[in-house]
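Those letters in the sequence shown? Residues 1 to 408, per my numbering, in order.
Since the hints were made in silico from the structure, they are not lab data.
Each residue gets a CB set at the ideal place from its N, CA and C atoms; glycine is no exception.
It is possible that part of the hints are untrue.
Claimed, not checked - Label-pair restraints from in silico Cβ distances:
#1 326 with 279: 44 to 54 Å
#2 34 with 185: 23 to 33 Å
#3 261 with 178: 39 to 49 Å
#4 192 with 230: 50 to 60 Å
#5 29 with 329: 41 to 51 Å
#6 232 with 192: 55 to 65 Å
#7 329 with 375: 41 to 51 Å
#8 180 with 112: 47 to 57 Å
#9 188 with 14: 52 to 62 Å
To be verified - Below, in silico cross-link-like pairs of lysine to any residue (SDA-like), each with a Cα-Cα straight-line distance of 25 Å or less:
#10 38 with 27
#11 197 with 178
#12 38 with 174
#13 234 with 175
#14 234 with 359
#15 234 with 244
#16 38 with 185
#17 38 with 237
#18 38 with 132
#19 38 with 28
#20 197 with 364
#21 197 with 119
#22 197 with 311
#23 38 with 60
#24 197 with 77
#25 234 with 319
#26 38 with 13
#27 38 with 119
#28 197 with 174
#29 197 with 296
#30 197 with 38
#31 197 with 244
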Amino acid sequence: MNTATPDVLVPLRPVRAVRATLIAWGDAIRSLPISAWKWAGLIGLFGTTLQCALILGEAQPSVPLSALLPVCGAAGICWGAQVTLGLCAWAIADRSGVATERRAGRLAIALTVAVLLQAILSPTLVSLLVGHLDPCVVHGCEDKDWSKVPAWLMDAESSGHMLMFGALVFAWLEANRSNREIEQRLLTSQQERARLKRSAFDARLTAMRAQVDPQFLFESLADVQAAYAIDTAKGASTLDLLIAYLRTALPRLRTEGSTIGAETELIDAWLAVVAARRDGLPARHVDVDPDCLQAPFPATVLLPLVQWATGDGGQAGSEAVSLRAQRLRQAGAARLTLQLSTAPGRPCGDDEPEPRRIRERLQAMYGEAASLTCRREVLGDGLLGKGGAAATVITLFWPDESAERNRR
Numbered sequence: 001m002n003t004a005t006p007d008v009l010v011p012l013r014p015v016r017a018v019r020a021t022l023i024a025w026g027d028a029i030r031s032l033p034i035s036a037w038k039w040a041g042l043i044g045l046f047g048t049t050l051q052c053a054l055i056l057g058e059a060q061p062s063v064p065l066s067a068l069l070p071v072c073g074a075a076g077i078c079w080g081a082q083v084t085l086g087l088c089a090w091a092i093a094d095r096s097g098v099a100t101e102r103r104a105g106r107l108a109i110a111l112t113v114a115v116l117l118q119a120i121l122s123p124t125l126v127s128l129l130v131g132h133l134d135p136c137v138v139h140g141c142e143d144k145d146w147s148k149v150p151a152w153l154m155d156a157e158s159s160g161h162m163l164m165f166g167a168l169v170f171a172w173l174e175a176n177r178s179n180r181e182i183e184q185r186l187l188t189s190q191q192e193r194a195r196l197k198r199s200a201f202d203a204r205l206t207a208m209r210a211q212v213d214p215q216f217l218f219e220s221l222a223d224v225q226a227a228y229a230i231d232t233a234k235g236a237s238t239l240d241l242l243i244a245y246l247r248t249a250l251p252r253l254r255t256e257g258s259t260i261g262a263e264t265e266l267i268d269a270w271l272a273v274v275a276a277r278r279d280g281l282p283a284r285h286v287d288v289d290p291d292c293l294q295a296p297f298p299a300t301v302l303l304p305l306v307q308w309a310t311g312d313g314g315q316a317g318s319e320a321v322s323l324r325a326q327r328l329r330q331a332g333a334a335r336l337t338l339q340l341s342t343a344p345g346r347p348c349g350d351d352e353p354e355p356r357r358i359r360e361r362l363q364a365m366y367g368e369a370a371s372l373t374c375r376r377e378v379l380g381d382g383l384l385g386k387g388g389a390a391a392t393v394i395t396l397f398w399p400d401e402s403a404e405r406n407r408r
C-alpha cells in the first residue's frame, strides 16, 4: 500500500474546496426564479432612464445630442452590471440556512464585494463597448483639468449609488424572507395544534366507546340467555351476531382514527344484534358509495348517533333505519355527506343534547366546514315504512381529506 498517496492529495483539497464553492454559487444563481430577473431588469431600466433624463437635462446647450448618446449607453451598462451583480450577490449570500444573527453580516459582505466588482467591471465594459468618454461632455471643462482625476474617483458616484440602493433592496428582501419564515412557522404550528387537538378528540371518543359498550354487551347477553331458554337456535344465532359485533368493535379500541367503511361496518353489526334481540327490528339498509369506503372519519362518532336515534336498541326503538354515505363536490371542493334516517322517529332538533355533542366534535376537528342537522320529516313509501310516517333525518357534512391529499 502506498502511504504517500494522502500526502500527495493534501494540496488538492483547497482546490476541490474552491471548486465546490464555485459550483454551489453557480447553483444558487441558477436557482433564481425568472421573476427575480424580471424585477432586476425593470430596476435597471428605470435607473438608466432616470440617469439619462438627468444627463440630458443638465447638459450644456453647446453639447450636441450625438455626444450624449455614448454617455447614456455607459449609464445603461453600469446599471446592468449593478443589478446583475447585486442579484447574484444576494443569491449567493442567501443560498444556505445560516443563523439569523449572522445573515446581516453575510449580506453586508456580499453587497460590498458586488460593489467592488462593479467598480472594476463597469469601466472595463464601457471602454470595450462604448469607448473612451470625454468627462467634459457631462461635467464641463471650464477651469478644470479632469486628466488629473483618477478613473476610480470618476466612478465613485456610481459605486455609492449601488451601495446605497443595494442596501435598501437587500433590507427589503430580507424583511420579506423573514415574514415568509414567520408565516410558515405560524402555519406549521397551527397545523400541529389542529393535529394534536384531533388526536385528543379521537382518544376521547375511543374512551367513550369503552364506556358505552359494556351496558349493551350485558343487556345482549341477558337476551341471549333468555332466548336459549325459549329457542336454542335463536339463542345461538343471536350469540353469533354478538360475537361478530365484538370482533368488529374490539380492534377499534386500539386505533385513533377510522374510515367510513369501518364505521358503517360497525353500525351494521350493532344493528344486526339489535334486530336479533327485537324480533327482526329495526329493518336496516346501509348504502355506502365504493369511493367513500376508505375516506377517513373519526372513530365512535356514528355509533353513538345511531344508538341515540334508534333508542339505544331498546324494545321501544325504531322499526327501520337507513344509512347513506356519498361524496359530493360543491364550489370546487370535495365534501362527504352521510344521511341517517330512522322511523318512527324521535323528537329531534338542533338543540338535542346528543346531536349537539356530535356536531361540536365534528366542528372541533374540521372547523366550520363540518355541519350536522337534525329534523323531523314525513317520508313516502319505502324501507322506512308506509307513506306519511314521520322519520328522524340526521345529515352530516364534512371535508373530504383524502381528496385534498390526492390533489396535493
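The hints, checked one at a time:
1. Look at residue 326 against residue 279: about 32 Å separates their beta carbons, and that is not inside 44 to 54 Å.
2. The hinted range of 23 to 33 Å is satisfied by residue 34 and residue 185, whose Cβ atoms lie roughly 28 Å apart.
3. At roughly 46 Å, the beta-carbon separation of residue 261 and residue 178 lies within the given 39 to 49 Å, and the hint holds.
4. For the pair residue 192 and residue 230, the beta carbons lie near 57 Å from each other, so the given range of 50 to 60 Å is met.
5. Taking the beta carbon of each, residue 29 and residue 329 are about 44 Å apart, inside 41 to 51 Å as hinted.
6. Residue 232 and residue 192 have their C-beta atoms about 57 Å apart, which keeps the hinted 55 to 65 Å range intact.
7. Take residue 329 and residue 375: their Cβ atoms lie about 24 Å apart, and the range 41 to 51 Å is violated.
8. Checked against the hint of 47 to 57 Å, the pair residue 180 and residue 112 fails, with Cβ atoms roughly 26 Å apart.
9. A beta carbon spacing of about 40 Å between residue 188 and residue 14 contradicts the range 52 to 62 Å that was offered as a hint.
10. Among the hinted pairs, residue 38 with residue 27 is consistent with the structure: their alpha-carbon atoms are about 19 Å apart, no more than 25 Å.
11. Of the pairs offered as hints, the one joining residue 197 and residue 178 is violated, with about 28 Å between alpha carbons and a cut-off of 25 Å exceeded.
12. About 19 Å separates the Cα atoms of residue 38 and residue 174, which keeps this hinted pair within 25 Å; it holds.
13. For the suggested pair residue 234 and residue 175, the alpha carbons sit about 76 Å apart, so the restraint of at most 25 Å is broken.
14. Using a Cα cut-off of 25 Å, the hinted pair residue 234 and residue 359 is violated, with the two alpha carbons roughly 38 Å apart.
15. Under the criterion of a C-alpha separation no larger than 25 Å, the hint pairing residue 234 with residue 244 is consistent with the structure, at around 15 Å.
16. At roughly 29 Å between alpha-carbon atoms, residue 38 and residue 185 are farther apart than 25 Å, so this suggested pair is violated.
17. For the proposed pair residue 38 and residue 237, the alpha carbon gap of about 77 Å is over 25 Å, so the pair is violated.
18. Distance check on the hinted pair: residue 38 and residue 132 sit about 30 Å apart at the alpha-carbon level, beyond 25 Å; violated.
19. Distance check on the hinted pair: residue 38 and residue 28 sit about 17 Å apart at the alpha-carbon level, within 25 Å; holds.
20. Between residue 197 and residue 364 the alpha-carbon distance is near 8 Å, which keeps this suggested pair within the 25 Å criterion.
21. With a CA separation close to 58 Å, the supplied pair residue 197 and residue 119 exceeds the 25 Å bound.
22. At roughly 31 Å between alpha-carbon atoms, residue 197 and residue 311 are farther apart than 25 Å, so this suggested pair is violated.
23. Between residue 38 and residue 60 the CA atoms are separated by roughly 35 Å; this puts the pair beyond 25 Å, and the hint is violated.
24. Between residue 197 and residue 77 the CA atoms are separated by roughly 59 Å; this puts the pair beyond 25 Å, and the hint is violated.
25. This hinted pair checks out: residue 234 and residue 319 have alpha carbons roughly 20 Å apart, not beyond 25 Å.
26. Between residue 38 and residue 13 the CA atoms are separated by roughly 39 Å; this puts the pair beyond 25 Å, and the hint is violated.
27. In summary, the hint linking residue 38 to residue 119 is supported, as the alpha carbons are separated by about 23 Å, within the 25 Å threshold.
28. Distance hint between residue 197 and residue 174 is unfulfilled; the C-alpha atoms sit about 34 Å from each other, more than 25 Å.
29. Note on residue 197 and residue 296: the hinted pairing holds, with a Cα-Cα distance of about 16 Å set against a maximum of 25 Å.
30. A hinted pair counts as satisfied when its Cα atoms are at most 25 Å apart, and residue 197 with residue 38 does not qualify at roughly 44 Å.
31. Restraint check: the Cα-Cα separation between residue 197 and residue 244 comes to about 32 Å, which exceeds 25 Å; the hinted pair is violated.
Hints 1, 7, 8, 9, 11, 13, 14, 16, 17, 18, 21, 22, 23, 24, 26, 28, 30 and 31 from the earlier list are contradicted by this structure; the remaining hints agree with it.
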